[in-house]
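Please build the complex by placing chain B on the supplied structure of chain A, with the hints as guidance.
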Amino acid sequence: MRHIISILLENEAGALSRVAGLFSARGYNIESLTVGPTEDDSLSRMTIVTRGSEEIVEQITKQLNKLIDVVRLQDLTEGKHIERELMLIKLKTESGEARDEYKRLAEIFNGRIIDVTDDMYTIEIADSSERLQAFIESVDENAIVETVRSGVIGIARGSKSL
Amino acid sequence: MELTGAEIIVRSLKDEGVKHVFGYPGGAVLHIYDAIYQQDDVEHVLVRHEQAATHAADGYARSTGMPGVVLVTSGPGATNAVTGIATAYMDSVPMVVITGQVPTPLIGNDAFQEVDSIGITRPCVKHNFLVKDVTKLAETIKKAFYIATTGRPGPVVIDIPKDVTAEKTEYLYPQEISMRSYNPVVNFELDQVERAVSMMLSAKRPMLYTGGGVILGRGAESLTAMTRKLGYPITNTLMGLGAYPATDKQFLGMLGMHGTYEANMAMHHCDVLIAIGARFDDRVTGNIDKFCPTAKIIHVDIDPSSISKNVKVDIPIVGQVDPVLKAMINGIENAGQQPDASALQDWWKQIEAWRATDCLSYTQDSAVIKPQFVVDTLYKETNGDAFVTSDVGQHQMWAAQFYKFNKPYRWINSGGLGTMGFGLPAAMGAQMAHPDATVACITGEGSIQMCIQELSTCLQYNLPIKIITLNNGYLGMVRQWQEFFYQKRYSMSYMDALPDFVKLAESFGHVGMQIENPADVEGAMKEAMAMKDRLVFMNFMTDKTENVYPMIPAGAGLNEMILV
Chain A
1 MRHIISILLE NEAGALSRVA GLFSARGYNI ESLTVGPTED DSLSRMTIVT
51 RGSEEIVEQI TKQLNKLIDV VRLQDLTEGK HIERELMLIK LKTESGEARD
101 EYKRLAEIFN GRIIDVTDDM YTIEIADSSE RLQAFIESVD ENAIVETVRS
151 GVIGIARGSK SL
Chain B
163 MELTGAEIIV RSLKDEGVKH VFGYPGGAVL HIYDAIYQQD DVEHVLVRHE
213 QAATHAADGY ARSTGMPGVV LVTSGPGATN AVTGIATAYM DSVPMVVITG
263 QVPTPLIGND AFQEVDSIGI TRPCVKHNFL VKDVTKLAET IKKAFYIATT
313 GRPGPVVIDI PKDVTAEKTE YLYPQEISMR SYNPVVNFEL DQVERAVSMM
363 LSAKRPMLYT GGGVILGRGA ESLTAMTRKL GYPITNTLMG LGAYPATDKQ
413 FLGMLGMHGT YEANMAMHHC DVLIAIGARF DDRVTGNIDK FCPTAKIIHV
463 DIDPSSISKN VKVDIPIVGQ VDPVLKAMIN GIENAGQQPD ASALQDWWKQ
513 IEAWRATDCL SYTQDSAVIK PQFVVDTLYK ETNGDAFVTS DVGQHQMWAA
563 QFYKFNKPYR WINSGGLGTM GFGLPAAMGA QMAHPDATVA CITGEGSIQM
613 CIQELSTCLQ YNLPIKIITL NNGYLGMVRQ WQEFFYQKRY SMSYMDALPD
663 FVKLAESFGH VGMQIENPAD VEGAMKEAMA MKDRLVFMNF MTDKTENVYP
713 MIPAGAGLNE MILV
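From first to last, the protein sequence lines stand for chains A and B. In terms of my numbering, the first sequence is residues 1 to 162. In terms of my numbering, the second sequence is residues 163 to 726.
Derived by calculation from the structure, the hints in this document are not laboratory data. Careful, some of the hints might be misleading.
As the list claims (entries may be wrong) - In the DSSO-like style, the derived pairs of lysine-lysine whose C-alpha atoms are separated by at most 30 Å in a straight line are: (1) Lys-62(A) with Lys-471(B); (2) Lys-474(B) with Lys-80(A); (3) Lys-66(A) with Lys-298(B); (4) Lys-66(A) with Lys-294(B); (5) Lys-665(B) with Lys-688(B); (6) Lys-458(B) with Lys-62(A); (7) Lys-304(B) with Lys-62(A); (8) Lys-471(B) with Lys-66(A); (9) Lys-471(B) with Lys-80(A); (10) Lys-304(B) with Lys-66(A); (11) Lys-511(B) with Lys-458(B); (12) Lys-471(B) with Lys-160(A).
Unchecked claim - Some chain A residues close to chain B (C-beta under 8 Å, calculated; not the full set): (13) Arg-18; (14) Gln-59; (15) Gln-63; (16) Asp-69; (17) Val-70.
We treat Cβ as the ideally placed atom computed from N, Cα and C, and that holds for glycine.
The shape of chain A in the complex, shown without the other chains (with noise of 0.2 Å):
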């Protein structure tokens, strides 16, 4: 099953190698891992995106609150959250009808062109990791020229917080 764990953790040289390490050396899987900033600039927030059975994700959870410089944690994934993750995918566009194509795609999932040349679009989309999955389905493989994603962020819905 795939997780998304969020974690504070405190704004510490090392903190983010202690989590990789952690993963690394027991074997867990890292589907994806970002981390940033805060409003309170002495905590970053991690995301990371894992699979593993109930037990495996138990254990992981375990094991990242043992470190001592996660100050908390939750697993999004037990109650109702949402997911964000930015992608940039660069795409030939040598026909007119590529162009065309490539443009309706952004519209329908909610992206924008942010860079254009006579060959080329940039296309920026923000959504779930299943949908940008979707959107790379659906143009053409061999008109990827390059694509960046961010890795998962999220959040908990309603009132719950981190």
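Coordinates of chain B only, in the frame set by chain A:
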């Protein structure tokens, strides 16, 4: 008053109540050693290799329950200490290790004796700190001791660049510290305890399985009281020996790979398993799919990640072992229920039948010294009251099987990491902490050579350790596995070109004894123990072919032991 970083370190150790520091100087820690030179409150013990500093601090910690403290230099000083840090980590031993670091402006420049100590130690410490600001130094040391000694204990490394030890700041050692990101477990769920008590009292074939956590959590007394009140059988893990008196009738001996037949069979057939401060290690469970097939499991542990890690448990209790045990005793006393006396009687009858196989029996004939007989003799000559350290291998198992520990903190061995070379330096730490006690190191001719240089430290600090070397000329446990599982292809397990240990001990200024005849074992042991102020290196030439029995082969369940 303004102090230098170096002075702050030494003052902080003093204010933390530290009496001994085990270490070795070097360039990056010269300021700290200068500060040590100018005071008398903290005694520094100079080892001969940084690995030994960590093992000595470890032995000090395990024999007292106090944190062990280590001071080493940057680069090779830190890397040499890693084995000892990992050893302490695996066995949850409270330890604070101060490593020197190159000056802050040089960090990352591949400076002389620079290594990323924080990176190297990260996977084998409870936590580590790099202190770049002298004003954070005292607070960081306080945090290190707080983290090392609370919750599930463990080693904490503080890496301190040389320039930080020269800078000055106002010294203020915090009395208390709290950390928003670290809140060790204090409370436990009382209703879980009530559920556990009710399950315990309804058991027909109960079994107590307790580990090193009971010793670390100072719960031995409560454990003994509860076990006696219940009248249930009890087994201890390798790490848990001494938490329950080994000479007591209810004690079935150690369990696991080289545990007793009765302990392992009782585990396999029990209907309620009460696991306390134990972590279901693979050397204990054997094949996990065959582990305790008929049991409901109660598990008490301070570390939530230990619970349901290897074996799914029915009633988890996360808490400090002693308060939980006291709550259990209280629950038992106030329950309107007694243990099922007739079921218990049948259960004990079955256990006594298993016990009657006498799985640890051996015959000491007149030809060659049996290693078990040496440990037996040590046990008798020390009235079971010595601090016993061991290295790793066959001798370690015989020590665990044949020395009957009636008190906690007496048995000191590297159970988790299995570190050869641990025994002698650990004995130094125990002897520093208990200058008047008998400290024996049971070792083999392989293990002892891994930290043999420490004989020099023992002379310098008058540590009258009794080294009991069971010398069979083989890396015995390796040889045993090669005999059983590799058709006797004894690849590299033969110890050729051994030194003359008697002369070697003498050259270090100690007493050496060579014992080759079974008839001389008792006399030699008496003679050695009578030398209260000398280190005695006893080289027992033991049976080369003796194996450790009983044994659970890999992949087998606890009920599938090889008896002889």
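ask   = Quick one, are Lys-471(B) and Lys-80(A) close enough, alpha carbons at most 30 Å?
value = Distance ~27 Å between Lys-471(B) and Lys-80(A) Cα, so the pair holds.
task = Would you check the hint for Lys-304(B) and Lys-62(A), treating anything up to 30 Å between C-alpha atoms as holding?
result = holds (25 Å)
task = Hold the hint about Asp-69(A) up to the distance rule: shortest CB distance to chain B must be less than 8 Å.
result = Result: holds, 6 Å to nearest chain B Cβ.
message = Check the hint pairing Lys-511(B) with Lys-458(B) against an upper bound of 30 Å on the C-alpha distance.
response = Holds, at about 21 Å.
request  = Decide if the proposed pair is consistent with the structure: Lys-62(A) and Lys-471(B), CA atoms, cutoff 30 Å inclusive.
outcome  = holds (10 Å)
ask   = Do the alpha carbons of Lys-474(B) and Lys-80(A) lie within 30 Å of each other, as the hint requires?
value = Cα-Cα ~28 Å, so holds.
ask   = Given the hinted pair Lys-471(B) and Lys-160(A), is their alpha-carbon gap at most 30 Å?
value = Satisfied, since the Cα-Cα distance of roughly 29 Å is no more than 30 Å.
ask   = When you check the alpha-carbon spacing of Lys-665(B) and Lys-688(B), does it fall within 30 Å?
value = Holds: Lys-665(B) and Lys-688(B) sit about 21 Å apart, inside 30 Å.
inquiry  = Between the alpha carbons of Lys-66(A) and Lys-298(B), is the straight-line distance 30 Å or under?
reply    = Distance of about 23 Å is within 30 Å: holds.
query = Is the hint on Arg-18(A) kept, meaning its closest Cβ partner in chain B is under 8 Å away?
reply = This interface hint holds because 6 Å falls under the 8 Å limit.
ask   = With a cut-off of 8 Å, does the beta carbon of Val-70(A) approach a beta carbon of chain B closely enough for the hint to hold?
value = holds (6 Å)
query = Measuring from the C-beta of Gln-63(A) to each C-beta in chain B, is the shortest one below 8 Å?
reply = Hint holds; Gln-63(A) Cβ to chain B Cβ min 5 Å, cut 8 Å.
Of the numbered hints listed earlier, not one is contradicted by the structure.
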